[in-house]
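Student: Below are the chains, spelled out letter by letter.
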Amino acid sequence: MLRFIVRRLLLLIPILFGVSLLVFIWIRLLPGSPAQALLGERATPQSVAQLRHQFGLDRPLYIQYWRYLEETVGHLNLGTSIKTFRPVTEELQTRFPATVELALAAMIFAVGFGIPLGFLAAKRYGSAFDHGSLLASLIGISIPIFFLGLILKYIFSVRLHWLPSIGREDVLAIRSHPTNFYILDAIINGDPEALWDTIKHLILPAIALGSIPLAIIARITRASVLDVQNEDYVRTARAKGLPPHAVDSRHVLRNAMLPISTIVGLQTGLLLSGAVLTETVFAWPGVGSWLKDAIFDRDYPVLQGGILFLAVVFVVVNLIVDISYAILNPRIRLS
Amino acid sequence: MGLKRLGLLACFAALGVLAMVAAAGGGTSSKHASNALVFGSASDPVIIDGPLVSDGESLRVVDQIFQGLVGLKPGTTQIVPLLATSWKASTNGLVWTFNLRTGVKFQDGTRFNAAAVCFNFNRWYNFPGPLQNSAVTYYWNTVFGGFSHPAQGNPGPDKSLYKGCRTKGQNQVQLLLTRRSSSFLGALALTNFGIASPAALKKYKADAGTVDSNGVFHPSGTFGTQHPIGTGPYMLKTWQVGNKLEIDSWNGYWGPKPKLARIIFRPIADNAARLQALQSGEIQGFDLVAPQDIPTVKSNSNLKILDRPAFNVGYVGINQAKPPLNNLKVRQAIAYGLDRASVVNKFYAGRGQVATEFLPPLVQGYAGKGVAKYPFNPSKAKQLLQQAGLTLPVPIEFWYPTSVSRPYMPDPQRNAEAFAASLEQSGFKVTFKNYPWRPDYLARVQNGEAQLFLLGWTGDFGDPANFDNVHFGAFNPQFGFHNSKLFNMLTAADSETNIAKRVKEYQAIEIYLTKYLPVVPYVHSKPALAFQKNVVGYIPSPVSLESFATVRYTS
Chain A
30 MLRFIVRRLL
40 LLIPILFGVS
50 LLVFIWIRLL
60 PGSPAQALLG
70 ERATPQSVAQ
80 LRHQFGLDRP
90 LYIQYWRYLE
100 ETVGHLNLGT
110 SIKTFRPVTE
120 ELQTRFPATV
130 ELALAAMIFA
140 VGFGIPLGFL
150 AAKRYGSAFD
160 HGSLLASLIG
170 ISIPIFFLGL
180 ILKYIFSVRL
190 HWLPSIGRED
200 VLAIRSHPTN
210 FYILDAIING
220 DPEALWDTIK
230 HLILPAIALG
240 SIPLAIIARI
250 TRASVLDVQN
260 EDYVRTARAK
270 GLPPHAVDSR
280 HVLRNAMLPI
290 STIVGLQTGL
300 LLSGAVLTET
310 VFAWPGVGSW
320 LKDAIFDRDY
330 PVLQGGILFL
340 AVVFVVVNLI
350 VDISYAILNP
360 RIRLS
Chain B
731 MGLKRLGLLA
741 CFAALGVLAM
751 VAAAGGGTSS
761 KHASNALVFG
771 SASDPVIIDG
781 PLVSDGESLR
791 VVDQIFQGLV
801 GLKPGTTQIV
811 PLLATSWKAS
821 TNGLVWTFNL
831 RTGVKFQDGT
841 RFNAAAVCFN
851 FNRWYNFPGP
861 LQNSAVTYYW
871 NTVFGGFSHP
881 AQGNPGPDKS
891 LYKGCRTKGQ
901 NQVQLLLTRR
911 SSSFLGALAL
921 TNFGIASPAA
931 LKKYKADAGT
941 VDSNGVFHPS
951 GTFGTQHPIG
961 TGPYMLKTWQ
971 VGNKLEIDSW
981 NGYWGPKPKL
991 ARIIFRPIAD
1001 NAARLQALQS
1011 GEIQGFDLVA
1021 PQDIPTVKSN
1031 SNLKILDRPA
1041 FNVGYVGINQ
1051 AKPPLNNLKV
1061 RQAIAYGLDR
1071 ASVVNKFYAG
1081 RGQVATEFLP
1091 PLVQGYAGKG
1101 VAKYPFNPSK
1111 AKQLLQQAGL
1121 TLPVPIEFWY
1131 PTSVSRPYMP
1141 DPQRNAEAFA
1151 ASLEQSGFKV
1161 TFKNYPWRPD
1171 YLARVQNGEA
1181 QLFLLGWTGD
1191 FGDPANFDNV
1201 HFGAFNPQFG
1211 FHNSKLFNML
1221 TAADSETNIA
1231 KRVKEYQAIE
1241 IYLTKYLPVV
1251 PYVHSKPALA
1261 FQKNVVGYIP
1271 SPVSLESFAT
1281 VRYTS
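Keeping their order, the protein sequence lines are chains A and B.
Take the first sequence: its letters are residues 30 to 364, numbered as in our numbering.
Take the second sequence: its letters are residues 731 to 1285, numbered as in our numbering.
None of these hints come from the bench; they were simulated from the model.
Being a predicted model, the structure only gives us computed values, none of them experimental.
One thing to keep in mind: the hints can contain errors.
Covered stretches of chain B (chain A as the covering partner; in silico rule of three or more C-beta atoms under 8 Å from a C-beta of chain A) [said to hold, decoys possible]:
1. 768-777
2. 889-896
3. 1061-1071
4. 1137-1148
Residues of chain A placed beyond 10 Å of chain B at every Cβ, according to the derived structure [stated by the list, open to error]:
5. His-82
6. Gln-83
7. Leu-179
8. Pro-221
Just so it is clear, CB atoms sit at the ideal spot from N, CA and C, and this is done for glycine as well.
I would like the entire structure built from these sequences, with the hints used as guidance.
Tutor: Structural data, given as structure tokens:
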């Protein structure tokens, strides 16, 4: 197991090198430049040329890439935002926890509802509940997140005034955030009011963001349970007289969990890469909306540093998924 | 069936959470604190240091903390005393003497005086290389034009309008210029030239920093992020990037005490999200309401719309470097062929006014009379094209931007389509070209690639030079013409210090522009702000220089 983990971590090096090169070339292939984006309507050919020179964008690409590697690898520095002057690592420290918190909340919602829904649909295969859950999951996959977000906000914030529509906490509250994980901070500070406030702010964006993973998880769970429950060992367990709940939990669900865990892992990795639409609709200060703005601003250091960081996250999440396979199914040999 | 129970439990848990939320008595902050106001901004400020920013969200905060020598009468572009109580230009226009307000302190307790004014001007003039590019110090570059120690490629003292600063005792200061200019007084009203505490600038290392290998300046000081110290009615309390920025009223303020103790700026990038936050009571106001949202706000009895006076111009640009647009008759045909009234009536939700001149009516120098007018007249347009010796239809490339909405151009595509239809009636054959607004469209238009294009301008300060000279004061690739008569007229008008004479010169320029037709202006539009109905005292300014100090709640 240890050798597997080390090998996978070593694989990070070529992956990150490849990602850095791809991102570097991709953002330079986009039309326009940071100089033009920063200067906007007020640009003149002279000011654009001057700024390009200052940022070294008038140098050959290989020199620019070498300097970028020097800064990133040599000085372990992801750079400074061209637009805000803030270091990329400093921005990540505040934005990534927001994304993690939202992604985990969305996954808890998706798993918490998706697995029971899929399981029950499989157990009642062909029933109205089964058809209903299939239809609901189809809607969940099809409905655009921003639309769902706006509808949820209209019902629960604008009409009912039950839940907040924007941000991570009550704007009038004055609280310290030592970790920038607001739930954790509330627990550390022993502040139940802050905890409840944070949870309230999480509910709507988590539902909006979790709707698609929920639908996918429900469908995978249904298919997987249908598959497993007809296996010989399940029939044997039933024939041995095991109570139905024991058969379901020990034999059916556990074996059905393998594809589900793959999907959960992949979806978590995707959500951790930032949820642009959800973050925008709910004014959630996460990584997704930050990178979206950086694309419009052609903020090369933010794009290069941010995407590199997310690549690491994605690989690590996938590693965790692979390890969880071994735990769920000892027959799998990681080596 | 344990898992079935689990599923049901999960459903009940979710319903339970919602019920608890409902029972808890409202999850939103609709119950605003009576002494605080939450304003939805489109983004965080870049930095809270006036000379280093040019975006609206930074300036909105800077406006509350810093003050300049002169200000603007609320809601107008009329220059009024602020930190200077009076001023006078020497007869040659090269020395401006300002008498300073006494008894004013900075928010760190240090005294505002002539030395502080000179310290600030000299700071700006001596900005280090990385801060000299126009992306950072746009307004210094635009108004004063040069730096004492320019980095390679940047303008130096030979291009600078600013020559020096002289103190005359504690309460009088003289600004020395290298040439006559009267637009500079209007420019001094910009919050960018607000006077900061010299002690704080030094203590918090406002200009210190390093340049990384990408050439990006990384400030090491905390002046612009944690300790922006000015003389204004509010001071920074806290700034959590991406979450909120809070300013508190300052007890030592020399003027009337602000009505509200705290203003909170909350970044909400999405228009629809800002509107919903206003509807739910989480914010009490926001700027730049999308035209399509105005009816929604107006139909809500708890909300209201405030109009910002029109201080912009939307125009159809003409690139004379692309024949046959170098022919005046063709440009006139375009002007007659654009159905401007119809576009303004259809696509501006009643907030547009058909433009007949480049300057908005609010700006001194607006002619009003004597300008050439071009009512929509397809047959006249065709006649002009034939007089120009062209065969109809005349092919023309019409550019418009995508992914953008500006106050002067809320829906560029629909504007372009309507204009194309009217041009085709008038003897042209239109081919469209479009690119995303930023940076592609702007870059291509500014480089002179477009033939006929949609663009516009919102004024930075209340001076005609900020409109006319910026666009037509020298050769500009996007318009592609060399007209020394026009260039000289604009230079002379900008350097005229006799206000009445200057106004007349700009009026003559406006009339000339309508005849020469470097562009066809078509709209001046009023941007909208939305507020809760019980918020009063917010006075929209044409140049967005708006103070929260007078804002309060009605009972």
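Student: None of the hints should be skipped; say for each whether it holds.
Tutor: How the hints compare with the structure:
| no. | hint | in the structure |
| --- | --- | --- |
| 1 | 768-777 | holds (count 5) |
| 2 | 889-896 | violated (count 0) |
| 3 | 1061-1071 | violated (count 0) |
| 4 | 1137-1148 | violated (count 0) |
| 5 | His-82 | violated, 6 Å |
| 6 | Gln-83 | violated, 5 Å |
| 7 | Leu-179 | violated, 6 Å |
| 8 | Pro-221 | holds, 12 Å |
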